[in-house]
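S.K.: Those protein sequences? They're chains F and G, same order as listed. The opening position of the first sequence corresponds to residue 1 in the numbering used here, with each subsequent residue numbered one higher. The opening position of the second sequence corresponds to residue 1 in the numbering used here, with each subsequent residue numbered one higher.
Simulated from the structure, these hints should not be mistaken for laboratory data. A virtual CB, placed ideally from N, CA and C, is assigned to each residue, including glycine. Careful, some of the hints might be misleading.
[What the hints assert, rightly or not] Where chain F lies over chain G, by a calculated footprint (3+ residues, C-beta under 8 Å):
1) 14-20
2) 104-115
[Stated by the list, open to error] Pair ranges (Cβ atoms, derived):
3) THR20/F <-> PRO9/G: 41 to 47 Å
4) SER12/G <-> ASP38/F: 39 to 45 Å
5) SER80/G <-> ASN18/F: 44 to 50 Å
6) THR20/G <-> GLU69/F: 26 to 32 Å
7) ILE46/G <-> GLN41/F: 15 to 21 Å
8) PRO104/F <-> GLU52/G: 43 to 49 Å
9) GLN116/G <-> TYR10/F: 16 to 22 Å
10) LYS55/G <-> GLN56/F: 27 to 33 Å
11) THR20/G <-> THR77/F: 37 to 43 Å
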Amino acid sequence: DGGITQSPKYLFRKEGQNVTLSCEQNLNHDAMYWYRQDPGQGLRLIYYSQIVNDFQKGDIAEGYSVSREKKESFPLTVTSAQKNPTAFYLCATGAGWETQYFGPGTRLLVL
Amino acid sequence: AQTVTQSQPEMSVQEAETVTLSCTYDTSESDYYLFWYKQPPSRQMILVIRQEAYKQQNATENRFSVNFQKAAKSFSLKISDSQLGDAAMYFCAYRRGSGGGADGLTFGKGTHLIIQP
């Protein structure tokens, strides 16, 4: 069954802790994206990757890091440098210029 | 930088009626794509409709259609015969065309659509 999976659905972070959000896809799409959504806001681009072993910063990359070692996977790490990490995080994939398709999201909360 | 503006934070419509959601955008590009996404309470982002800027014909998907005015940089979404399942946040989004590679989307802040039974 083709699709995009994100885990966990909910994630809790303690002060000073790094946490990693998972995004996996079996749509064979080259491009993958991470967005952040805050209440009352649209989505904002954190990082994106067009091919394996390559990625670019989006509009709000500070405090985040990513890797793209496999075509299917694009994990996002929220580092301790991100002072306001509480948000809903969405992963998306796309085949070149075409439409982006979104995963179900991960809600990150700070303890 | 591109910007997308949705000037209606909330809209309400009676079931079976028609509603139009507004979106304007600012870009210096000539080649781009525009999208409307729906986000129901589950928070899953669902593509509603897409428009290529080079196409003059307005896109249509069943009860959903757009009014794309390129010169005015306007991209409104019309929902006909509104149904209870249409209740959601609706986001307008922009992306550069093929010359920009697989860039990310720029989103508006969304319009909350309420359907009155």
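S.K.: At the C-beta level, are SER12/G and ASP38/F separated by a distance inside 39 to 45 Å?
M.R.: violated, 24 Å
S.K.: Holds or violated: 15 to 21 Å for the Cβ distance of ILE46/G and GLN41/F?
M.R.: holds, 18 Å
S.K.: Within 37 to 43 Å or not, the Cβ separation of THR20/G and THR77/F?
M.R.: Since the Cβ atoms of THR20/G and THR77/F sit about 42 Å apart, the hinted range of 37 to 43 Å holds.
S.K.: Cβ-Cβ distance between THR20/G and GLU69/F: within 26 to 32 Å?
M.R.: Hint violated: Cβ distance 45 Å, outside 26 to 32 Å.
S.K.: Within 16 to 22 Å: is that where the Cβ-Cβ distance between GLN116/G and TYR10/F falls?
M.R.: Because 32 Å falls outside the window, the suggested range is violated.
S.K.: How does the Cβ-Cβ distance of THR20/F and PRO9/G compare with 41 to 47 Å: does it lie in that range?
M.R.: violated, 34 Å
S.K.: Do three or more residues of the stretch 104-115 of chain G come closer than 8 Å to chain F, measuring C-beta to C-beta?
M.R.: Three-residue rule met by the stretch 104-115 of chain G, so holds; n is 7.
S.K.: Would you say the C-beta atoms of LYS55/G and GLN56/F sit inside 27 to 33 Å of each other?
M.R.: Holds: the Cβ-Cβ distance is about 28 Å, inside 27 to 33 Å.
S.K.: Three or more residues of the stretch 14-20 of chain G near chain F by CB distance under 8 Å?
M.R.: Since 0 is below three, the answer is violated.
S.K.: Range first: 43 to 49 Å. Now tell me if the beta carbons of PRO104/F and GLU52/G are that far apart.
M.R.: Since PRO104/F and GLU52/G have Cβ atoms about 28 Å apart, the given range 43 to 49 Å is violated.
S.K.: Holds or violated: the 44 to 50 Å window for the beta-carbon distance between SER80/G and ASN18/F?
M.R.: Between SER80/G and ASN18/F, where Cβ atoms are some 48 Å apart, the hint holds.
Violated hints for the displayed structure, listed by number in ascending order: 1, 3, 4, 6, 8 and 9.
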